[in-house]
Amino acid sequence: MFKHKPIARHIALMFLLPALVHANDNVEMESLRAELQQIKQNYEARIQALEARLQQTESIANTADKKAEAASAQASKAPISNNALNPDISLILSGTYAHRSQNSDYHITNFQSGGEIGPDTRGFNLGESELGIAASVDDKFYGRLSLALANDNSVSVEEAFVQTTALPAALTLKAGRFFSGIGYLNSHHAHTWDFVDNPLAYQAFLGTQFGDDGVQLTWLAPTDLFLELGAEYGRGRIAETEGRDQNKGGAGAIFAHLGGDVGASNSWRTGLSYLSVSPENRESQDVDAAGNTVTNSFTGNSQIWLADFVWKWAPNGNGNNTSLKLQGEYLHRSESGSLTYNASNSDHYNASQDGWYLQCVYKFLPYWRTGLRYDQLDSGNVNYGSNAANLATNDYNPRRISWMLDYSPSEFSRIRLQLARDESRQEAPDNQLFIQYQMSLGAHGAHQY
Amino acid sequence: MKNIIKLLGLLFCLSNISVAQATLNVFACEPEWGALVQELGGDKVSVFVATNALQDVHHIEAKPSLVAKLRKADLLVCTGSELEIGWLPVLIRQAGNPNIQSGKVGNFEATHYVRMLDIPTRLDRADGDVHAGGNPHIQTDPRNIAKVSDALAQRLVEIDSANAAFYQDRHEDFMQRWQSAIKRWETQAAPLKGINIVVQHKGFPYLENWLGLNEVAALEPKPGVDPTSTHLAEVLNQLKKQPAKMVIRAAYNSEKPSQWLAENAKIQAVELPYSVGGTPQAKDLFSLFDDTIRRLLEANK
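Chains as they are written, first to last, in the numbering used here: chain B, 751 to 1199; chain G, 131 to 431.
One chain only, chain B, in its complex shape (with noise of 0.2 Å):
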């Protein structure tokens, strides 16, 4: 455009150089000057217009451009959330095939656990599929519900619980139906977990996860140490117990955890917690001294210790290609109060007695880990009073050892492989095999530590 200039001159020059041969005299030469000038200035005036309406046009364009990108801008400021106002929905899809040598009719030699423990039952199971749903309630409230669909076409509340997210001096309030905050592995989700099922300390101890209906306090120290302190005061429903109907609690834990870092690659979290808990009618299977499956009941106190280590190496912090996860806990169970056994002869029952896992996780490609967990169990006193006649009691110790490896195409798929000799029950030493597949969909879940 701004070569106009020259080329109009040009063109000028052209239609005129003819008239200018054949002029033979000043006067005609004058005038031809003159016309000339007045056709050069005709055509600056006009190229001088059309430069400002370029000008013109070019500045409106910058800020039509400009306009486009803030409205852009603005457009992608919109919230961003998985379901614009609805809450986060996802949904966990498990099943299980367990192949195994002895029958499902489970126990621990020794131990009266309570709840519904033990292995998958043999064949194929729909594990346990988990829908949760979450939100910010308001400002102040977070709200969380996850429903377990479980293999017998039962739904159970497995958590729902809301929790203050603006309490001041890092206090956070939590109220309804939630995993307890004690040990590591408690609060973790069954599809989070390493192996197909629970540690036997957890399983002899917390009928393998305690959930409780109550509420948490938990208070965050200003250090740069990880230091949280909790406590939780609730209804007492361990091992599918109904917790007490009284005006006052039926369980109370206190729990504290410390955690930090060791340069970029490591970091641990170890902690140690009490429940205090006094379930009514707690059930658990046995074999009698005659050899027969039996039901006892159990109905007392019980308290419980927790220590827990978990430390996790990564090169650099970056665990894509490869990385390590070593975790132990170690749980005491003192208990005390009455033992009816298989619904005929109750007395008085105390038993002292531990139990102990440790394992290990290593990622050894992309997408690939295996691990190695070994569980012990020490079958500790046990005095059945004069239930000792019908239930033997010896110095039996439970152990297990599983190992497994797992590939995950993407952080939303699992499939696993387990394979494990448990020697829960001193007259059936079970060898088992697990393929177990896990999937997420809907909202991203974001893991805890």
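Just so you know, the hints here were simulated from the structure itself, not pulled from any lab data.
Just so you know, not all the hints are guaranteed correct.
Said to hold, decoys possible - Pairwise CB distance ranges (calculated):
(1) B:N1071 with G:S310: 56 to 62 Å
(2) B:S886 with G:S359: 42 to 48 Å
(3) G:A320 with B:T1120: 48 to 54 Å
(4) B:L1115 with G:S310: 23 to 29 Å
(5) G:T358 with B:D1038: 56 to 62 Å
(6) B:T1120 with G:D173: 46 to 52 Å
(7) B:N776 with G:A320: 55 to 61 Å
Virtual Cβ for every residue (Gly too), placed ideally from N, Cα, C.
Following the hints, complete the assembly by docking chain G onto the known chain B.
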């Protein structure tokens, strides 16, 4: 039970002890935002950077140390657009810090202030790691850094109004140096315009948009899915018809796939710092782009 009540009492006593704060505590999710806050805040801010440039920020452990740091933060500066979705929400819920909850003034997401690219037209996890809000790797275009700086300076003023003039001055000073640096980089990078490149992860749309690079293939078959040998062979085949000058990857990516392609297609493999600290040369925001341009130019020779 008595013990529990005693403990509750103790908790409340402890929580009343206020911790004196001389500086503004900033928790930055990624090193580039940590560096930017440092540029704007100088000695008025104390910056903690949650991740380093050799980590994949899509996948970070929600470590206890991060919870402890977030508890004390007055301001959280993250990328957003679901980049940190796998770990940040759980940290925020555990930290018990009302200041940095989503929607609060102490929660700053950089992607809200730039024009997002690669916004998916359909949301399906079968397409890999898709981000509904658009590609979150905005830090590879310095013009985005400038826009985020505008918004971040405003946010600092809002949170710490006592030092408003301080932040505004530093922001002005930074922007002057930054704009002239952008001109310099653009002049230096002029020869790169229009060249064909291959990327390992689809993490460079903003860099491509800025410098006029032409992405012809990605080594990851789907975003977030590691390169497979079949897909690498396909890319190699594609390059025979549509040759590329180089294959680029971020410092945190595994080098194997791009090395393989570089050897087989006889092109250059370029490791880019991607964020501050990704290479020894990328020490701050300025040297991050100095080094990025230098590495690209070297491979283009």
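Taking the beta carbons of L1115 (chain B) and S310 (chain G), is their distance inside 23 to 29 Å?
violated (47 Å)
Mind checking the hinted window 55 to 61 Å against the Cβ distance between N776 (chain B) and A320 (chain G)?
Once the Cβ atoms are compared, 57 Å apart, the range 55 to 61 Å for A320 (chain G) and N776 (chain B) holds.
Could you see if the CB distance from A320 (chain G) to T1120 (chain B) stays within 48 to 54 Å?
holds (51 Å)
Verdict for S886 (chain B), S359 (chain G) (Cβ pair) under range 42 to 48 Å
holds (44 Å)
Do the Cβ positions of T1120 (chain B) and D173 (chain G) conform to the proposed distance bound of 46 to 52 Å?
holds (49 Å)
Note whether the CB distance of T358 (chain G) and D1038 (chain B) lies within 56 to 62 Å or breaks it.
holds (58 Å)
Using the C-beta atoms of N1071 (chain B) and S310 (chain G), is the stated range 56 to 62 Å upheld?
violated (40 Å)
In the structure shown, a violation is registered for the earlier hints numbered 1, 4, in ascending order.
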